[in-house]
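Given the sequences, and given the hints that come with them, work out the whole structure.
There are 2 protein chains.
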Amino acid sequence: MSDPLSSGPQSAEDRLIANCFRPIARHPGALGLTDDAAVLRPPAGHDLVVTADAVIGGVHFFPEDASDMVAKKALRVNLSDLAAKGARPAGFLLTLAVPKLLPESWVALFAQGLGSDAELYGCPLLGGDSVRTAGPVAVSITAFGTVPYGTMVRRGGARAGDVVLVTGTIGDAALGLDLRDAVTAVKRMKLDSRHQYELVRRYLLPQPRNALAEAVRVNASAAMDVSDGLVGDLGKLCAVSEVSADIEVAKVPLSEAAAAAVALDPAAIERVLTGGDDYEIVCTMHPDRVEAFHEAAVAARVPVTAIGRVQRGEGPPRFLGSDGKPMQFKQPAYSHF
Amino acid sequence: MSDPLSSGPQSAEDRLIANCFRPIARHPGALGLTDDAAVLRPPAGHDLVVTADAVIGGVHFFPEDASDMVAKKALRVNLSDLAAKGARPAGFLLTLAVPKLLPESWVALFAQGLGSDAELYGCPLLGGDSVRTAGPVAVSITAFGTVPYGTMVRRGGARAGDVVLVTGTIGDAALGLDLRDAVTAVKRMKLDSRHQYELVRRYLLPQPRNALAEAVRVNASAAMDVSDGLVGDLGKLCAVSEVSADIEVAKVPLSEAAAAAVALDPAAIERVLTGGDDYEIVCTMHPDRVEAFHEAAVAARVPVTAIGRVQRGEGPPRFLGSDGKPMQFKQPAYSHF
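Just so you know, the sequences run in chain order A and B. Sequential numbering of the first sequence, starting at 432, is according to our numbering. Sequential numbering of the second sequence, starting at 432, is according to our numbering.
Just so you know, the hints here were simulated from the structure itself, not pulled from any lab data. Hints may be right or wrong, so weigh each one.
[To be verified] Keeping only pairs whose Cα atoms sit at most 30 Å apart, straight-line, the calculated DSS-like set for lysine-lysine is: (1) Lys621/B - Lys531/B; (2) Lys682/A - Lys621/A; (3) Lys531/A - Lys761/B; (4) Lys682/B - Lys621/B; (5) Lys761/B - Lys621/B; (6) Lys531/A - Lys621/B; (7) Lys531/B - Lys761/A; (8) Lys621/A - Lys761/A; (9) Lys621/A - Lys531/A.
This is the structure we're talking about:
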């Protein structure tokens, strides 16, 4: 990516950049991908929020997934981090490692998906690097956002008495992954095909909550995005904030499809709460802030639901079942290792 | 990297981050690697310069290379881009993809090398991501630098009449790679072992010219770092600047070791000029600037050498041999594809 122009005959890399990526790098700071670096000027009085997330073929997506969806997922998992931190997207760098036998059409469709999301979320491609690998496709994205000085929402601000809220619905992507992953899961769940489709779609294509970022920044005491499962991620937020929390599992918002899956197999609630890949926001805020946050959420057309309270103490959050007792989980969070 | 704390039993990823990377992430904006994102505040009136470069096992380094050297190389190739753009390092994000069977000691030594260079170059670790891969180790780094508004040195500013200069010596790393790569090369070159060692060391560990960044920013009309070979990279700079250049090959600075290699095998000059991995700076400047630049270079203890002139016209730069005729190259530049 950093070597787009060649004085001699164009290399395959040069062609790839010129044909696929230059057309989507329209931000002036990208310098048409003709330089070694890009220029980013945060607005005066603003911090830069920087985050990096990679997706790897065979780990985070299936080799047969359409490459425009892979590109969108790679960008959206980063956009989701920006949203949870209350930041407005400012641009991103892409590092793409591709195996030799990958057809150029894969990359062309990838760039198409990337460009379309860059436009949709106002997060332009600024530059990056493209390399060969003997391994699977690896997509590493570094995304930039901006917030007024000192206002990035951290994990570490939750206080006892704060309300815990989540956006959207929880568990769909994890159930969707199960459905893709194993025919047995499909059989076990006996879901109708519309519900199956909806769950799989949530796994394939996250819907980051950037529309709610400003409301999170203004109202939340702490926030993060749910990527490794609500149980584990809220646990991390509580640990950094040195608090605990009580969550009423019955209040955790489920989609119609996930509710149907749990009705068919009550044990699926563990996957819902711990499976991850949700890319929703979990946040905490003073009770006085909840009404304003709800109003902002309605305006942004993002559903938000209060699911519990922050508690004094340092144990992991308790997820209370309908019997009022804390649930036990076999594997509280997705681990990459 | 973004998920360092766990409320439950620590995952292997959590341990890795806590033990290896948190100790080297001392910048306040890194938030102790306990958040989803890092905060970076460029000084008022400064642009941010952003660049990303990846190194892949089996492509950019050998699987048996010591992992502290791999880490240093991964960071230094990015620092070299910042230096060539006239930027002062501000920090970096790391994405590390590791195969399952990689021993934790590999990562520990990697982090040690990274931390030592982060200190040496004043470029702190701010955050990142760690993921599993079924492929080789992949290290992707995004580095940040700062320059006063609008002063990033681009490829596109060279003007006819400007002097072309390079830092350090050219070709060592390419010859060093040949020496590592094939026993035949060693035999052909018949180099003494000290020279061999010096060339291999230049391949293993680039010496980015960050000490000269400010002088480049103040004096150069255009600059880039030499990573894909002097011939190809100067060609890119000239193409973006819409100029050509005449280079006197006899003036291209060679180390004693490279000079010995070329004396043994005159054809090796093509590798010197086109092989890449130099991580030196090639820049152009108005003749009036050269003296001040030389003085700054002496102060920074970085050798700089004038090797030719920018010319009107748009053809690729001509590398003139001792007979005054342009040399012809079989492969003008390293291509990643």
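Checked hints:
1. Lys621/B - Lys531/B: The hint is violated at about 41 Å.
2. Lys682/A - Lys621/A: Given that 30 Å is the threshold and the Cα spacing comes to 24 Å, the pair holds.
3. Lys531/A - Lys761/B: Answer holds: Lys531/A to Lys761/B is near 23 Å, not above 30 Å.
4. Lys682/B - Lys621/B: Holds, at roughly 24 Å.
5. Lys761/B - Lys621/B: Cα-Cα ~24 Å, so holds.
6. Lys531/A - Lys621/B: This hinted pair is violated, its Cα atoms lying about 35 Å apart.
7. Lys531/B - Lys761/A: At roughly 23 Å apart (the allowed maximum being 30 Å), Lys761/A and Lys531/B satisfy the hint.
8. Lys621/A - Lys761/A: Holds, at roughly 24 Å.
9. Lys621/A - Lys531/A: Violated, because 41 Å separates the two Cα atoms, which is more than 30 Å.
Taken one by one, the earlier hints fail for this structure at numbers 1, 6, 9, listed in ascending order.
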